[in-house]
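With the sequences and hints as input, model every part of the structure.
Respectively, the protein sequence lines represent chains A and B. Per our numbering, the first sequence starts with residue 112, numbered consecutively. Per our numbering, the second sequence starts with residue 8, numbered consecutively.
Rather than coming from a laboratory, the hints here were simulated on the basis of the structure. Check before you lean on any hint, since a few could be wrong.
Under 10 Å between C-beta atoms, here's a sample of chain B residues computed to sit facing chain A [what the hints assert, rightly or not]:
(1) G47
(2) Q52
(3) F97
Backbone N, C-alpha and C fix where the C-beta goes; we use that ideal spot for every residue, glycine too.
Given next are the chains, with one letter for each unit.
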Amino acid sequence: GEDVEQSLFLSVREGDSSVINCTYTDSSSTYLYWYKQEPGAGLQLLTYIFSNMDMKQDQRLTVLLNKKDKHLSLRIADTQTGDSAIYFCAESETGFQKLVFGTGTRLLVSP
Amino acid sequence: EAQVTQNPRYLITVTGKKLTVTCSQNMNHEYMSWYRQDPGLGLRQIYYSMNVEVTDKGDVPEGYKVSRKEKRNFPLILESPSPNQTSLYFCASSFGWGSSGRITDTQYFGPGTRLTVL
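Structure, rendered in structure tokens:
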């Protein structure tokens, strides 16, 4: 079946850039998503990218997609302590209807 | 305020005692889903619904039931809970499938229900 892998943990200093990586196995993935989960809360959709795109930028967030290597990354510029959370990538062939999530990357931002 | 609400937020129960976790959204969304979150496994979809009276299985439906009698509500039913259903449960809703690129295509999650089955 489909598999989505993420590293478990990332630690950065406030003001640095953070890069969270994700790899997936399903070559039929059409939609790729990034979610943020703050402590005690549900997931918040941050951004998504279609498989026919290489890059998407949204304010401090940049998503890069390497479809050949099935690699997705989320770059957060000027990382703030409020960005500390767990970040999940997810892939789908059809959209929100059926998502396969990664295990999540815990981002810790220190002052 | 647009939101997805879940009740209860925390529940401790015993094996075999039927329970229902409610989910309600106030955005007139057609699409709703249930997920469970377990350490090291991310989120896995239990069931989803495309509209009233239209539901389908996700990846881990065993031991769960759902119903969609009204557009706003999508309860998750555990007829005979077992300890392996101890988990953090999330309900989500969306207007679209997230496949069109429209600004309205966004998915909202509830705050979660932490269930412990003894």
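*Looking at the structure, which of the earlier hints fail to hold?*
No hint contradicted; all consistent.
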